[in-house]
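Student: Protein sequences, first through last, are from chains A and B.
First residue of the first sequence: 4, per the working numbering; consecutive thereafter.
First residue of the second sequence: 17, per the working numbering; consecutive thereafter.
Calculated from the structure, these hints are not laboratory results.
Cβ atoms here follow ideal geometry from the backbone N, Cα and C, with glycine treated the same way.
Hints may be right or wrong, so weigh each one.
Stated by the list, open to error - Simulated DEER-style distance windows between Cβ atoms:
1) B:Thr68 x A:Gln301: 46 to 52 Å
2) A:Ala112 x B:Asn79: 30 to 36 Å
3) A:Thr258 x B:Gly101: 32 to 38 Å
4) A:Gln301 x B:Ile172: 50 to 56 Å
5) B:Asn79 x A:Glu100: 29 to 35 Å
6) A:Thr109 x B:Thr68: 27 to 33 Å
7) A:Thr258 x B:Gly168: 15 to 21 Å
8) A:Thr117 x B:Asn79: 46 to 52 Å
9) B:Thr68 x A:Ala112: 37 to 43 Å
10) A:Thr258 x B:Gly152: 41 to 47 Å
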Amino acid sequence: MTLKLKFFYFTCIIVAVLLCCAQLSSAEGTISGTIIFATASIKSDNSIETTSSTQTTVLPMYGIEMNYGWPDDSSASSGGNTLYNINFENNGNATDEIRINVGEQTFGAGSGITAEWAVEVDTTEPFTGITWANSNTQFAHASGDYATASLAPGEVATFTLRVTTSGSALDSSTMSAMISLETTSSPGGSYVGFNGLSYGGSTMTTRITGAGPYFTTQVLGAAVALTKSYTVASPSEYQALGGSATATVPGAQVTYTIQFENNGALDAGTVTIVDPLPDYVDADTASLQLDTGSGFVQMAPGTGDGDQCDYNVSVSGAVTCFVNMPVGTSGRIRYYAVLR
Amino acid sequence: MKRFKILTHFNSSRVSLCLVFSVLLIAMSQNVAAITVTPAGTLITHMKSYATGTGIVGTIESNTVDDIIVDQIFGFASDTFTETGAILLQTSNNLQTEYQFRMTNNGNTADRVKVIFTPGDNVSGIEWSISLDDQGGPLTWNTGGATADPSGDFAISSTDLDPGDEASFTIRMLTDSANYGATMSFSITAETFNSSAEHPAGQYTGFNNEVYAGPGTLDSRSIVPTVAPLLSNIDASEYETNQETITITGTTEPGITGTINVIGPETMQYDSNLLVVGASGYFSKEIALFEGLNNISISVSDWASNTATATIQATRDSTPVVTAFNMPTELTVSPVQIIGKAYDEQNHMSEYTVHYGPGTNPAAWKEIGSGTTGVGSETETGTLAIWDSSGLSGTYTLRLTANQVEPYGNPAVITHTVIISQRIIVSGTVQSKQWTMVSVPGRPTDGDPVNFFDTTGHAVQRWNPTMEDNEKGLKYEFANITIGGAGMGFWVKPFDETVTEVNYEYEVYVTDTAETETIQIYEGWNQFGTPYLNRGSYDGSFTWGSVKVAVNYGTAEEEIKTMTEARDAGWIEGDFYSYEESGYVPYGLSDSLLPKTGYFVNAMRDCSLVFEPGTGLPGGLARIVRPNYDWKMQLSAFTDDSKDTDNFAAALRTAADDYDPSDSSEPPTVEPYVSLYFENEEYGRNAGKLSKDTRSALSKNQSKTWNFVVEVSDPGKAVTVQIPNADTLPDNYRFRVIDEKTGAEFDPKQQQEYVFTADSSARRFALSSQKIGDASSSRISHQFPGGWSMISVPVEPEPTDVKEQLGNQLSNIQVFQYFDREMYEPDSPEKVDIQAGIGYWIHLDEPTTLAFEGIIPEPGTGIEIPLVQGWNLIGNPFEGETVDKDDLLINLGGETVEATEAVERDWLAPYVFSYNSTSGGYERIPIGDPLVSWQGYAIYAKQTCTLIIRVK
C-alpha cells in the first residue's frame with residue numbers, strides 16, 4: 004500500500020472515531036473508562052509497512068441537568084396531599100447517586116398538629132415511597148432529610164415528592180421546606196470542550212427563580228365563626244304589676260341569637276350548630292328561626308341535611324341546628340326560651 | 017279594752033270545718049307542688065354554642081355571654097278563705113273557739129305573712145277577745161298585746177317561710193256570757209310582707225303559660241261566730257242487741273229539728289229518721305238497726321246551719337252461729353275428724369261443743385271437744401274436734417252446739433247421725449303352765465278358742481252351767497267349745513315349758529256400744545267377762561255394780577234390776593272372782609270387770625247380765641256406797657303351789673245372818689288347788705260353800721260362830737291358814753279360831769298363822785266372835801269456812817243422806833260427792849251419802865258450824881274406801897286422830913301394802929291434794945304425811961283398789 008493510502012486509512016479511523024463520539028451525545032461525552040486506540044502504519048511501495056499504536060482512557064465527569072425546570076408551590080385540603088415532580092438527567096459520563104435534599108420543615112399559623120404533616124419521595128409509579136436517610140422511614144425527618152437514586156450516564160429520572168397536610172390544619176395555614184438535587188460523585192461541574200460542546204452539569208441545584216428555594220404547601224378549607232347573644236323580657240302581667248320589663252323573674256322570656264359565617268376558602272357543607280341551654284331555662288321549640296340574609300324564617304324540625312333545627316335531639320338539653328355553609332355564608336339562628 | 021260576749025260551744029261541726037280546711041289545704045299543696053319555680057338569686061350560667069361538621073376542622077365555639085341572676089317574686093299560693101258566704105263559727109260560752117287558716121308562700125324567696133284583723137258587726141253585744149297563733153306560738157299584735165285591738169290590728173308571722181312553706185294560723189276567740197243564737201262578725205286579711213315596688217307581689221302568667229306567685233293580699237269573708245245548739249246526754253237503750261230496734265235519747269235546744277241516720281255494715285244500708293225536738297229539748301226516738309255494726313249519727317241544726325252531731329255505734333246480731341257437719345255417715349276408722357263449721361258471722365261466738373251419744377236420739381251426751389275460735393267459713397270447712405271412736409260400734413249421733421256471747425245469745429244446735437262399724441284385733445299374753453281365766457271382749461270372727469293361741473300345746477276348758485256334773489262334781493267341757501258371743505269366759509293353760517308367757521291374738525267384731533249388750537248366764541257358776549275392749553275414749557272396764565240383771569230378757573215378762581237389787585233379790589251374788597297367780601280373787605260391786613279377764617259369778621237363777629254401754633262412764637248412772645262393816649276378817653290358805661286368799665268372815669250392820677247379798681259363794685276349783693270356804697248347810701237354796709260369810713253386827717256380849725273348811729287337791733301338803741288383816745279387827749270384839757280335828761285354838765289378833773298337814777279329808781275350823789263393847793252413836797260438829805271447801809266427816813252418819821243430815825241446818829245444801837269421775841249433788845237420783853273416810857266438796861255462803869250424828873269409828877277399825885282408777889275424794893275417818901304413814905293401807909288383788917309402798921308399785925300417785933279455802937288453791941301433800949280430821953283430800957289411784965285407813 005502506498006503511503007498515501009495508508010495515511011488515508013489513518014485519517015479515516017480518526018474521523019470514524021470522532022464521528023462516532025459526536026453521535027453519542029453532544030453534552031455527555033465519551034463514557035468514562037472508554038479506551039481509545041490510535042494506530043498508524045506507513046508503508047511505501049518499497050518499504051515494509053510499519054505500524055505504531057497508542058491508547059487513551061476517558062476519565063469520568065459528573066453533573067445534573069434539570070430537564071423541565073422546578074415545579075411551583077402547591078396547596079391541599081386539610082388532611083389532603085399534593086405532589087411535586089422533579090425531572091432531571093445524569094449529565095455526567097458515569098453512573099452517579101443523585102441525592103434529593105428536603106430542608107427543615109417550617110409551619111405557618113393554623114397548621115394544626117405538625118407531626119401530622121408528611122413529606123414522602125419516590126422515583127417510580129405507582130408511588131410507594133422510598134426510605135429517607137435520616138428518619139430511616141418513608142417520611143422525611145422534619146428537621147431535614149435526604150434520599151438518593153442511582154442514575155446511569157445520560158439517564159433521565161423523576162423525584163416525586165408527596166406532601167400531606169395535617170387533618171387539623173386550618174384554612175390558609177402553610178408548611179415550607181427548601182428542596183435541592185445534588186451529585187454525590189466528583190469531579191462534577193459543567194465545562195465546554197474544545198469542540199465547543201458543553202459537558203457535565205450542576206453538582207447542586209435548587210429553585211432560585213420565582214418563589215425561591217423554599218417550596219410552600221398551603222392548606223385550603225372552610226373558616227366558620229359563631230357569635231352568641233341573648234336578651235330578657237319579663238311577662239307583661241308582671242310588668243302590669245309594676246315590675247321591670249327586663250326583670251329576670253320566673254316566667255320571663257330569654258331570646259337567644261347565634262350569628263354564624265364561613266370566611267374560608269372552601270364550603271363548610273352542612274354544619275351542626277349546638278346551643279346547650281342552662282338549668283332553669285326551657286326552650287320554646289316552636290320558636291327556632293334562621294336568617295341567611297332575607298330575614299328570619301321558621302326552621303323545620305329534623306336532623307337532616309337541610310337547614311333544620313330542633314331541641315333535645317342530637318344533644319340532650321340543647322338546641323341543635325343543621326345549616327349549609329358555602330364559602331362566604333353568614334346568617335343568624337334565633338330562638339326563645341323561658342326562665343322557669 | 018272592750019270585750020264582746022259570745023257563747024261558744026265545741027261540737028263536731030267544728031271538727032267538720034277543720035276537716036274541710038284540711039282537705040282544701042291538701043289540694044292547695046298539690047297545686048303548689050305542680051310548679052317548680054326557680055328560687056330568687058339563682059345564678060344561671062350560659063354555655064357556649066358550638067359548631068361541627070365534615071367541612072370544619074375541629075369544633076368551633078362561640079363567645080361567652082353573661083350570666084343571669086333570677087329576681088324575687090312574691091305571693092300566696094291561693095285563697096285559703098274558700099267558703100261561700102259567711103264563715104259560720106260555732107261558739108260556746110266560756111270556751112275558746114278556734115278558726116284556722118293557712119298561707120303558703122308561693123313566691124321564690126323567703127317571706128312572712130301580715131295578718132290584719134278588721135272587726136264587723138256585734139249584733140248581740142257579746143264580749144269576746146281574739147288572739148292569734150302561728151306554728152311558732154302566740155303572736156303579738158301590732159298594738160303590743162296578745163289580743164287584737166277591737167278596732168282593728170295586725171300581726172306578722174313569726175318566722176320566714178321558704179318558698180312552698182306553709183304558715184298555719186289559729187284565731188282563738190274567747191266569748192263570755194253568750195246564749196244560744198248570739199252572733200257577731202269580723203274578717204281577716206293576709207298580706208305578703210317582703211314585697212316592694214321593685215319586686216311587686218301578685219300573680220302573673222309567664223311566657224310558658226305557667227302561673228307564678230299569687231295574690232299578695234287575701235281577704236276572708238265575714239267570719240260570723242254564732243252560739244250553736246247543744247247536743248248532750250246521748251244514749252241508746254242497747255248498744256249490743258239481738259233485737260230489731262233500739263231507742264236513742266238525748267237533749268238539745270228546744271224546737272230545733274234533726275235527723276238520726278243509721279248506716280249499716282253493707283253497701284246501701286242507710287236509713288234516715290227525722291228527729292223532732294220538743295219544748296223541753298229532750299228527745300227519744302226508736303230506730304231500726306241493720307244486722308251488724310251500725311254507725312248512728314244524731315244531728316241537729318239551727319237557723320244559721322250550725323249543727324251539732326254525735327255519733328254512736330250499736331251492733332245487732334240476731335243470727336245464730338253458723339253450724340254444719342260435713343262428714344260421711346258411715347265411719348270405719350278411728351280417730352275421726354269431726355269436719356264442719358262453727359263460726360259467727362260477726363265473731364260473737366262464745367263457744368261450740370261437739371258431743372256424741374248412742375243411738376239416733378241419745379238420752380245422754382258425752383263431749384268430744386269444744387272451742388272458742390270459729391271454725392270454717394262460708395266457703396270452707398274445718399276440723400271441729402278429733403273423736404277417738406276406737407272401741408265404739410253402732411249408731412251414734414253427733415251434736416254440735418254453739419252459742420254467742422251475751423247479750424246476743426242466739427243458740428244453735430245441729431245433729432248428725434253416724435254408723436260405726438269396726439273390727440279390731442284383741443291380743444295379750446297368758447302365763448304358761450298354769451290356768452288363766454280369760455274372756456272375749458267382742459264376738460270373735462273365729463269362734464274356736466283353740467285358734468286364739470299360737471302354741472301347739474294348750475288346754476282349753478269352759479264351765480258350762482247347763483251341763484250335768486262330772487265325776488268330780490264339776491261342769492267343765494273340754495272339746496268343741498264355741499265362743500259365739502261377746503263376754504264369754506273360759507280357761508286356758510299352755511303347756512309350753514320353754515316359755516313363761518304365751519301370746520294370743522284374734523279378731524272380734526266390736527260390740528255395739530250404742531245399744532244394750534247382754535250375756536246369758538244360768539243358775540250356778542258362770543264364766544264371763546266384760547263384752548267391751550273399750551268404750552270410746554274409756555277402756556272396757558265395767559263396774560260390777562253398774563251391771564244390770566234381767567230375767568226373761570227381751571220377752572213380755574222381762575224384768576230388770578240393778579246389780580244391787582238383783583243381789584238383794586237373790587238372783588245373783590254380789591261378788592265375782594278372777595283367778596290370779598293360782599288363786600281366786602274376789603271382787604265386789606265397786607270393782608271393775610277388766611277387758612279380756614275371765615270371771616266366775618254365781619247366779620241363783622237363769623238370767624242375763626245387762627251391759628248398758630254408757631253406764632259407769634261420766635254421765636252414767638251408778639254410784640257405790642261403801643259397806644259399813646263392824647269388822648271384816650280375811651282368811652287365806654296356802655300350799656306350796658296353790659292358794660285361796662280372799663275369804664272373809666264379817667259383821668255388817670245391814671247384813672242378815674243367813675245367806676244374803678253380802679255373802680259370796682266359793683268359786684269352782686281348778687287343780688291343783690287349796691280351797692278355804694265357809695260351810696253353811698243351813699242357808700237353804702244357797703247353802704254350800706261360801707268364800708264370804710257376812711252376818712249381822714253383833715249386839716254387846718253376843719257371840720257368833722263361822723265354820724270354815726280347808727281342802728286341798730293333793731293331800732299330804734303343808735297348809736298355812738293366815739289372817740292377813742288381823743290388825744284391822746276392832747278392839748270391841750274378841751275372836752277365837754279352833755281346829756276341830758286337833759282342838760288347837762288361837763286368837764287371830766295374837767296369832768295370824770296356823771299350819772297343819774292336809775290329809776284326804778277336809779279340815780274344819782270354827783271362828784267365834786264376841787262383841788265385848790259398843791261403839792256409841794254421837795253428834796259431833798265442826799265449823800267450816802265460807803266459800804268452797806273440800807271436807808270429810810269423821811262419823812258414820814245414820815242416815816247417810818246429806819239432805820237428811822243437814823236439811824234442818826242449811827236452807828241450800830251445796831254438798832257434792834265426786835266418785836268414779838262423776839260429781840253427784842244432793843238432788844241427783846243417787847243422792848250424796850256421807851260416810852267416814854270419804855271426801856266432799858261443800859259451798860257455804862259464810863262460815864258455818866254443821867253437826868253430824870252417827871257412830872264414831874273406832875281408831876282401830878279398818879275403814880275400807882274403794883278407789884276407782886283416777887281421782888277420788890277421801891278423808892280422815894277418825895275424829896281427833898291423825899292418820900299417819902303407817903295408818904294408810906292399799907289392797908289390790910288380795911294383797912295389802914302400806915300406801916307408800918303402793919306408790920312405789922305405781923298403784924297410787926305420790927301425792928294427795930287438799931284445798932286451801934283461804935287462798936283458793938290446792939296444796940300438795942306427800943302420801944304418808946299426816947291427814948287431819950274434817951279435811952278432804954284428793955288422791956289419784958292408778959288402778960282400782962281399796963284404801964284401808966286405821967289408826968293403830
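Student: What hints, given by number in increasing order, does this structure fail?
Tutor: Those not satisfied are hints 1, 2, 3, 5, 7, 8 and 9.
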